[in-house]
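Enquirer: Read off the chains here:
There are 2 protein chains.
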Amino acid sequence: MNLDNFFKAKSIAIIGVSRNPAKIGHVLFRNLIDADYKGKVYPVNPELNSLFNIKAYKSISDIPGKVELAVIAVPAELVLRVVKECNEKHIKDILIITAGFREIGNKVSEDELKEYLELHDIRCIGVNCLGVVDFHKKVDLIFLPRSRLKRPEAGNISFVTQSGALGSAILDLCAANGYKFSKFISYGNATIVDESDILEYLLKDKSTKVICLYLEGVKDGEKFFSTLKKVARKKPVIVMKGGISEEGKTATKSHTGSLAGKSEVYFGIFKQANAIIADSLEQMLYYASTFSNVNKIRGNKIQIITNGGGYGIITTDNVIAVGNLILARMNEKIKNKLKKEINNNLVSFGNPLDLIGDADTERYRKSLDACVKDNNIDAIILIVLYQTPLITTDIIEVISGYRRLGKPILVVSTGGNFTRVLRDALVDEGVCTFEFPEHAVKALSELVRYYDIE
Amino acid sequence: MNLDNFFKAKSIAIIGVSRNPAKIGHVLFRNLIDADYKGKVYPVNPELNSLFNIKAYKSISDIPGKVELAVIAVPAELVLRVVKECNEKHIKDILIITAGFREIGNKVSEDELKEYLELHDIRCIGVNCLGVVDFHKKVDLIFLPRSRLKRPEAGNISFVTQSGALGSAILDLCAANGYKFSKFISYGNATIVDESDILEYLLKDKSTKVICLYLEGVKDGEKFFSTLKKVARKKPVIVMKGGISEEGKTATKSHTGSLAGKSEVYFGIFKQANAIIADSLEQMLYYASTFSNVNKIRGNKIQIITNGGGYGIITTDNVIAVGNLILARMNEKIKNKLKKEINNNLVSFGNPLDLIGDADTERYRKSLDACVKDNNIDAIILIVLYQTPLITTDIIEVISGYRRLGKPILVVSTGGNFTRVLRDALVDEGVCTFEFPEHAVKALSELVRYYDIE
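Note that the protein sequences, when read in sequence, are chains Y and X.
In case it helps, the numbering used here puts the first sequence at residues 1171 to 1624.
In case it helps, the numbering used here puts the second sequence at residues 1171 to 1624.
Only chain Y is shown next, with the shape it has when bound in the complex:
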């Protein structure tokens, strides 16, 4: 299904734009303007002449010229009527934000709407959704204020979510953490366009490298399975399932009106399709950042470099615990050369390579240089605890420079503001960073698992 107009439309009508800043239609309109969207925007409301100096229209039929995408934010009982007007205007792509359908037991209205949409070949995202964003094209069609929900910069992660609020919280956090996004799609009740259609579309979307999917239930299991299998073979799909427990399933009914189905079936499908299963939102996020920034991993031999002994030890424990990683053994020649260069009898030249508390940037540089060259090492977990005074800020350039050579370098650093500033700088350079070592190890483990199967 071609969903281009939801992300690249050159003309958008927003139906239900109010002068009241608390209303959804108002916020949608304002966000699109504030996002610096370059296409034409038509606010529609029978009682409005203009808003922010942009001419408003009494009805859709009053709009001159073509409208590629309609966004509907009117009360549920008016939705079908507005959809019909859109159809008369030959609009075949409609985003319906409005809630109050199947998820509250109003199945009849949704069925009637669905029938009309299908009959007239209208592509519809929603109902009961937060909306969509294309961060590259600056199409910002989610109804939460940009002051409350910061938008991430443009990048290669696309996030597909059945739950709008969950999506909004994650998007906001991702913006703060410097993750970069291609598209955000909250699809709500999936009245017409469902998760499979979106996955299929994102497979072909060049600006999407990694797909995150939060899912409660799917209607067409076979379609989903075959689509997921196809997509996950080409692009990493990180999936999180809501409604695993019986109690959770009950809750999904009043949420997106979906039947959560048997969890075992879902997890069976995920595994067979080589999807990346996230056990938690936190895990989905660090998987996304890792797959977004790392291109490929050659093998499973991991070298740990640290300036904190305890961190090296717990990272070692984690590497062993995940099962599919092994500790690298440095090439003896390279190791001996490094020993000479560092020339410090307190440094422990094993794995972990413990550079100890007085390590400076130069000691890190020498170590990275050795490990990047060493073919016995497939990936590096680089622990940098910035609390020690000898690490200077030019370590940012050192790390990001070596990362560009291709071998995955995952950086772990824990701390307060100073640490965060340096971590943000690394994130800007496309380096994967982690607050805790266990996250870096889990991410590496999934990288190895995902790419081994390819």
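Since the hints were made in silico from the structure, they are not lab data.
Taking lysine-lysine pairs in the DSBU-like style, the calculated list, with each CA pair at most 35 Å apart, reads:
#1 X:K1509 x Y:K1389
#2 X:K1277 x Y:K1510
#3 X:K1432 x Y:K1471
#4 Y:K1277 x X:K1507
#5 X:K1503 x Y:K1277
#6 Y:K1423 x X:K1505
#7 Y:K1536 x X:K1423
#8 X:K1509 x Y:K1423
#9 X:K1510 x Y:K1284
#10 X:K1193 x Y:K1509
#11 Y:K1193 x X:K1510
#12 X:K1423 x Y:K1510
#13 Y:K1193 x X:K1509
#14 Y:K1505 x X:K1432
#15 X:K1193 x Y:K1505
#16 X:K1543 x Y:K1423
#17 Y:K1320 x X:K1320
#18 X:K1536 x Y:K1423
#19 X:K1308 x X:K1180
#20 X:K1193 x Y:K1543
Mind docking chain X on chain Y? Use the hints.
Expert: Frame of chain Y, contents of chain X only:
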């Protein structure tokens, strides 16, 4: 063992204070001054007359009057000589920062030192440690600069760590997260004072409510077991073990020179003693914050309140998955009253209680009021996604007000800067906050497990 002088000494000599700001002795001295320590400080260095307008002494014997605590930061080969001078000055409490002993194979020097310390009944923390802090008494004796490693405010968490760097990173993060600390003790090689002595001391310490312990290995297993059992019965002890895998154990030898021992034995001891086992540093932190702020939990019936359906669902899944919690069923009378008060047919009055996306502060207030009164509910997981515009900042007062009534309220909110500011305000009010729902659920699960046994 009375360790009072390490935290409450009225006079402290720092031996090895240099004019060079990069040197450990210099940083120790400066930190103590900058912390606004109220006692007497004597910097000692044969080549120094004064530093920062404070008179320096050529040797310990030159110091007039009593010295309650000596801090040694001189090269390893000089340590024993300095210790002897301290003993001649009748100093019985010595913190030895210096590294270069058993952890790098220099067992002979450490044995010799230990023998002398034991013979003269000297209490010694270290060698090879980061130092100690008492946040109430403003005794700041760790050698990392306060600009790099922010210190937490005074509170009730005490953190005992065998690894200095690990401790420093965590301390810095805790300061940024608003956690409040009583004492920090990095004990390194445990030449004299070991983890058991410190636990025993903290048991009696009135300003310590929760103890965190990062451990690699103990020398005297029986002493540790009996101490841990005694302490954990009165105060929550959150313990994390480094060196679980064989490979991790190998790394502990070159770190703190400890034999990590059989992991199963350790975990057996932890469980029998009713310690709280943290699987990761992240978990140790949110356990600490929870036990620091929650006094008691009456039972395991949990009510989830949310403004995001997806969050309610995954929290439900988590509650069921941990095994020892159950979903509360609201008292019908209270529920019906709440239904009338909220009067919104989109709100879902189950568990989760889904207040939906347009929930305002008042809707939260009504729900909290009902749930706090309801005896069918033992604890509340309150999900507040601040991205929606109707939640006003006075929700801080609402939540912290109801929390004071005693029933545990664990707040989950995910997002960027706006979320963080509101979360920090709640933390200041002593409310437990979490970035992800699974953490709140795990914390509740441990609360129930820990207090059930009592």
